[in-house]
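Whenever a hint applies, use it, and build me the whole structure from the sequences.
Number of protein chains: 2
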Amino acid sequence: MATDSRTRMVQSAALLLRERGLSGTSFRDVIEHSGAPRGSIYHHFPEGKRQLVREAVEMSGGWVGDAIAHLDESGDPIATLHAFLGVWADILRASDFRAGCPVVAVSVEANDDEPEVTEAAAAAFRRWTRELAAGLERSGMEAEGARRLATLTVAAIEGAVVLCRAERSTQPLDDVGAELEASLRAALVSA
Amino acid sequence: MATDSRTRMVQSAALLLRERGLSGTSFRDVIEHSGAPRGSIYHHFPEGKRQLVREAVEMSGGWVGDAIAHLDESGDPIATLHAFLGVWADILRASDFRAGCPVVAVSVEANDDEPEVTEAAAAAFRRWTRELAAGLERSGMEAEGARRLATLTVAAIEGAVVLCRAERSTQPLDDVGAELEASLRAALVSA
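Residue numbers (this note's numbering), protein chains in the order written: chain Y, 1 to 191; chain A, 192 to 382.
Since the hints were made in silico from the structure, they are not lab data.
This structure is a prediction, so every number in the text was calculated from the model and none was measured.
Incorrect hints may appear among the rest.
What the hints assert, rightly or not - Distance ranges between label pairs, derived from CB positions:
| id | chain 1 | residue 1 | chain 2 | residue 2 | range |
| --- | --- | --- | --- | --- | --- |
| 1 | A | 328 | Y | 42 | 57 to 65 Å |
| 2 | Y | 119 | A | 331 | 41 to 49 Å |
| 3 | Y | 142 | A | 331 | 27 to 35 Å |
| 4 | A | 195 | Y | 174 | 37 to 45 Å |
| 5 | A | 223 | Y | 112 | 12 to 20 Å |
| 6 | A | 242 | Y | 119 | 31 to 39 Å |
| 7 | Y | 33 | A | 359 | 28 to 36 Å |
| 8 | A | 237 | Y | 90 | 36 to 44 Å |
| 9 | Y | 27 | A | 224 | 22 to 30 Å |
| 10 | Y | 35 | A | 303 | 17 to 25 Å |
C-beta atoms are modelled at their ideal positions from N, C-alpha and C, and glycine is treated no differently.
Shown next, in the form of structure tokens:
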């Protein structure tokens, strides 16, 4: 039970971060959202908010990284791309365009007081890029090109999600997805 | 003088937003940063923080939009791309990777209380996309493809800036720039 309540707090932090950002998410919000008893959050996260946020970013980074690795087993980078675009479109629509990526939320308020939070965000972006690049290499691309195209994919999808939230529409994600698919096809044909 | 002090407040808001985000930027921060007298901010922005933030987003959107339109006069979309990548790399390095895009900062904390702020962010992204697409069309691309490639460019550069801040490195921007240049070249050759 102790572990469950701790995990719930980390999950709540991730869900709140993606809607409200780093400054906009307080310990009190996480307590309310997770239904955890007030004292327990200090017990579970003795280093305070930065520890909770770091773990929320690590959990999100792990989930997405594992999902990419799992999808990649299909051996079809285009299918992996579309699975991702579909998940994002669902999150955006289900949240009425309020929810984005908690890793981006943390990165745009990066400051020197919380280097471990920024480092966790960087590790998440690196893992996603590495998993995508590994799939492209298995499809025949050379390492350097695969890394660059994987970085474009992560950056463009994250950027498109930001545009979608502002526009309250999935159109930017649809446009970026079509362009990324074209880039992937061109790279895989010449690989 | 009154106008200058008002403009300074809007500029300060834009500079603070790109480092601290929406929740992390208060009226008090803007007063301190701009050196404006405390009372004057309520005089100039009777609607409060949302008005100041909206104007900061509009100013940033206008600057960048005008810059793209001006660069595009060269008639070389690749040169426009590199000019942008260069400006972003300079901002990231000069701020020790603390500063990003104020329009992104506002978009990731979008909420229903401040629809006009979100709308200003959407208008900025749309203007940039439209200016880039216009340049691509002048170089011979058809409208639909130009719009999609322009959206990819805006989304990927904004996403790359977020990755750069987390990684404290311009490598993601360099990688994304190389991929975008390849996409532009391919699109312009077949246009």
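Problem - Index of numbered hints that the structure contradicts, given in increasing order - result: Hints that this structure does not satisfy do not exist here, as all of them hold.
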